[in-house]
Amino acid sequence: MLLAFGNFTADPSVNLQLLIGGLALGAIYAVVALGFVLVYKSTDVLNLAHGEFLMLGAYFALTFLISENLNFFLGVFVLLLVMLVFGLLVHYGIMRRMVGQGFFAIVLITLGIATIIRALLLIFYGPTERARLDLLPQGSFEVGGATVRYVDLIIFGVVAACVLLFFLFFKYTRLGLHMRAVADDIEAAAAMGIDPDKVYAMTWAAAMVMAGVGGLLFGHVTGAIDRSIEAIGLRAFPAAVVGGLTSLGGSIVGGLVVGVIEQFANGHLGTKWREPVAFSVMFVVLLVRPTGLWGRKDLERV
Amino acid sequence: MTAVENPASQQEDSPTYRPSPVQRFLPFAIAAVVPFILGSTTENVNFWWKALITVVVLAVVARMAWVWTPRGELTHREDMRLWRTPSDRSWAAVTTFGLLVLPFILASDFTPPMDFPWATWFAVVNLVLIFAMGAAAFNLLVGYSGQISLAHVAFLALGSIVGGIVGVQWSGGNMWVALPAAALAGAVVGAISGLPALRLKHLYLLLATFGFHFVMMLVWREYLQEYFGFVGIRFKGENSPRIASWLHWLPGIDPDDNGEFIITGQFRWYWVLMPITVLSILFMVNVVRTREGRAFAAVRDRDVSASLLGINVARSKLLAFALSSAVVSMSGVLASFYIGSRGEDSFNVQTVLNYAIIIVVGGFSSIQGAIFGSAFFWFLPEWFKWAREELWIVRDIDFLSDYPSEIDLAIKGFLVVIILMFKPDGLAGLWKDVKGWIGRSLARRGP
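As you go down the protein sequences, you meet chains A and B in turn. No gaps in the numbering here: position 128 of the first sequence is 128 in my numbering, and each next residue is one more. No gaps in the numbering here: position 13 of the second sequence is 13 in my numbering, and each next residue is one more.
These are calculated hints, taken from the structure and not from any lab test. For glycine and all other residues, C-beta sits at the position ideal for the given N, C-alpha and C. Watch out, some of these pointers could steer you wrong.
[Claimed, not checked] Cut-off 25 Å, straight-line C-alpha distance, at most; resulting in silico cross-link-like pairs (SDA-like, lysine to any residue):
(1) B:Lys201 with B:Pro424
(2) B:Lys201 with A:Arg289
(3) B:Lys385 with A:Tyr125
[Unchecked claim] Stretches of chain B that chain A covers, calculated by requiring three or more beta carbons in the stretch to come under 8 Å of a beta carbon on chain A:
(4) 196–206
(5) 354–361
[What the hints assert, rightly or not] Derived Cβ-Cβ restraints for the label pairs, each shown as a range:
(6) B:Phe422 with A:Gly144: 56 to 64 Å
(7) B:Met80 with A:Leu81: 55 to 63 Å
(8) A:Arg96 with B:Leu74: 35 to 43 Å
(9) A:Gly139 with B:Val304: 54 to 62 Å
(10) A:Leu287 with B:Val22: 58 to 66 Å
Isolated chain A, as found in the complex (with noise of 0.2 Å):
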C-alpha cells in the first residue's frame, strides 16, 4: 500500500500524553500565530518572515542570555528592546514604502527580509547548531502517567499573558484604539489625524518584540538551535488560520486545537503525516469559512 497507517492505540496515558505534547507545541503556535494575527490585523500583510523573527530572537536570546551571560530579566529587557528595535527598522527601511502595493508583492518582499535575516545569521552564528536553552526551570512532574514539563506550562502561561495584555492595549490604550482604526480604514483613521506611519511602525515593532518572546520560548523546547528552527513559522500557518487572520483570541484557540491534532496525527499515523494533517486541516476550515472561526469578514464591492 502506499500510504501506510501507524497502528491505533487506545491506551489512554498514551493519549493523555499527546494530548499534553499536543497542548504544549499549540500553546508554541499559538505564539507563532499571535505575530502574525498582529501584522495582519492592523497592516494587512501576509508576514512570511515570522519564523525568521523567530530565529532572529533565538539567537539573540543566544548571545545575550548565554554567551554574554546577562541577568536573565536584564539579557530578556536586552533582547525585546533589541528586536522592537529591529521592528522599526524593518518598518521605516522597507515596508512603509510597500504601502498600498499589490499583495503578492508584499508577500514577495516579506520573503526577501526572510532570506536576509537566513543568510545574516548564517554569517554571523554560522551553520553550527547550538545546544537549546536552558534558563526556565527544566523538570516535569506527572499527571495519570503523562509527562508535564515546566515549560510548557510557562508557555503556555506566557502566552495567555501576551494575550490578554494585547486584548487590553487594543481595548483600552489609545494607541490601540488608533490601530485598530487604521485596521479598520486606512483613508478614514488618516482624516481623523491618526499617523498611519506611527501605528504601523508600531505594530512592526509589537510582532518583532512578539517573535522574541516566542524565540526565547521555543529556544527551551526545540531539539537545537540552527537554521532549521525558522520552520516554525510556516508550521503555525494553520493555527493562525484555523484561529481567524484578525483574531488575538482566535490564534490562541487555533493553536491549540492544530497542535493537538498535529500531535495525534504525529503519535498515531507518524511523523510525516504532522505537516499534511495540520494544513488539510487548514484546506478545510479555509473552504467552509475562509476567515477562520472569529475572523474579520471583509464584504467586497465591485
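Starting from the known structure of chain A, arrange chain B on it as the hints suggest.
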C-alpha cells in the same frame, strides 16, 4: 500629389504607412549574411575588415528596418502580432542567432580574458533553460492570471514522480514518453489544485495552495520510500535518456562506442533543452495573445466584471492552473533527467523561495522576466565565484571567500527587497527602459 520617390517621404505624407512584405523581409535577409561574414576564414581578409563590413551591413539593415516601419494606427491584427515592431523582430532574430551560436562558443576551448570560467557556464546555461521554463509558467499563473499559488514546487515533484513511474520504472529511461505524460498529469492535478481558486482569493488561496504543497511532499516521500528507498531515484546510468530513433539521421548525431544514443554532456543536453524551452515559452507567449489569455487578464483585474463580460471565470481560472502546472511538470521531468538523481530533500521550502526570487528579480508578471530572472539566479554565484578568485581587489577580502553561499543568499535577499521597493518590474522593466532610452536618443538625433 506627385509620385513618391522614397519611402521616407511617403511615410510623412500619409497618416498610415504599410511596407510591402518584401520590404519587411529584406532587412532580415541581408542581416542573415552577417554570420557568414564573421565566419569566413579567408586568409587575406583581416579581422578589422570583417568587423567594418559587419558594422556597415548592420547599419544599412537598421536604416532599412527603421524606414520601412509600419506607421500610424495599427489594425487589431497587427496589434496582436507576436513580434509587432521591427525592434521586436530584430531582437527575435538576434536571440535566435545567439541561441544557435552559444553552444559552439561554450564548447570551444577558447579562453576568455581574466580566466572567465566558461566550462562551468555551460552547465549553468542548461539549468537556466530548465528554470526559465518553470519560472515562465509560474509567471503565467501568478503574474498574468493573478492566481497566487505556492504549489509550484509540488508540480516539480509531480514531474519527478511521473518521470520516475513512466520514464524509469516502465520504460527504463525514456524521457520522451515521460514528458507528455507529465504534461497530462500536471494539467489534471493542476486543475484539481486550482479548485480552491474558485472560492478563495489572494491570501487564502496562497495558504490553500501551500497546503497542497505539503500534501504533494507527503506523496513524493511515500513514493520514494515505497519504490526507491532513501537513495532516491536515479535518472542516470542505465536510466539515462536516449535520443529518439527517428532523429538519428540528423547530422552530428553519432552513436557512442556501445552503439547507444545516450544524452550526456552539456552540449547534447543543450540541444535537447533549448528547443523544448523555447517552444514552451513561445507557447505561453501565444496563450497570452489568445481569447483565453485575455480572459486570464480580465479575471485577474476583476473577476466579477469579467463574468459580466461573458467570460466563464471558473473555466478560465482552472485553465490557467492546468496550463501552468503542465509546463512546470514538464520542467520537473527535464530537471530530474538533467540533474540525474532526485532524493527526499530535492524539494523543500527553499525551492519555493528560489522561484519567488527568480520571478521578482526578473520582473513580475512578464514571461520575459522569467528568463532574465533565472539567468541572473544561476549566473550570480558564478560571477561571484569568479570575482572572489580573480577580480583584483575583491579577491583579497577574506570575508567574502569565507562565506560564499551565505553571501550569495544575502545578495539575492537584498536584491528582492530593493527591486520590489524601487523597480517592481525587475530586470525586464530595466531592459525595457534601456531599449526605450536608446530608441529615444536615436530618434532625437536622427533625421
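Checklist entry - Which numbered hints turn out to be false for this structure? => result none
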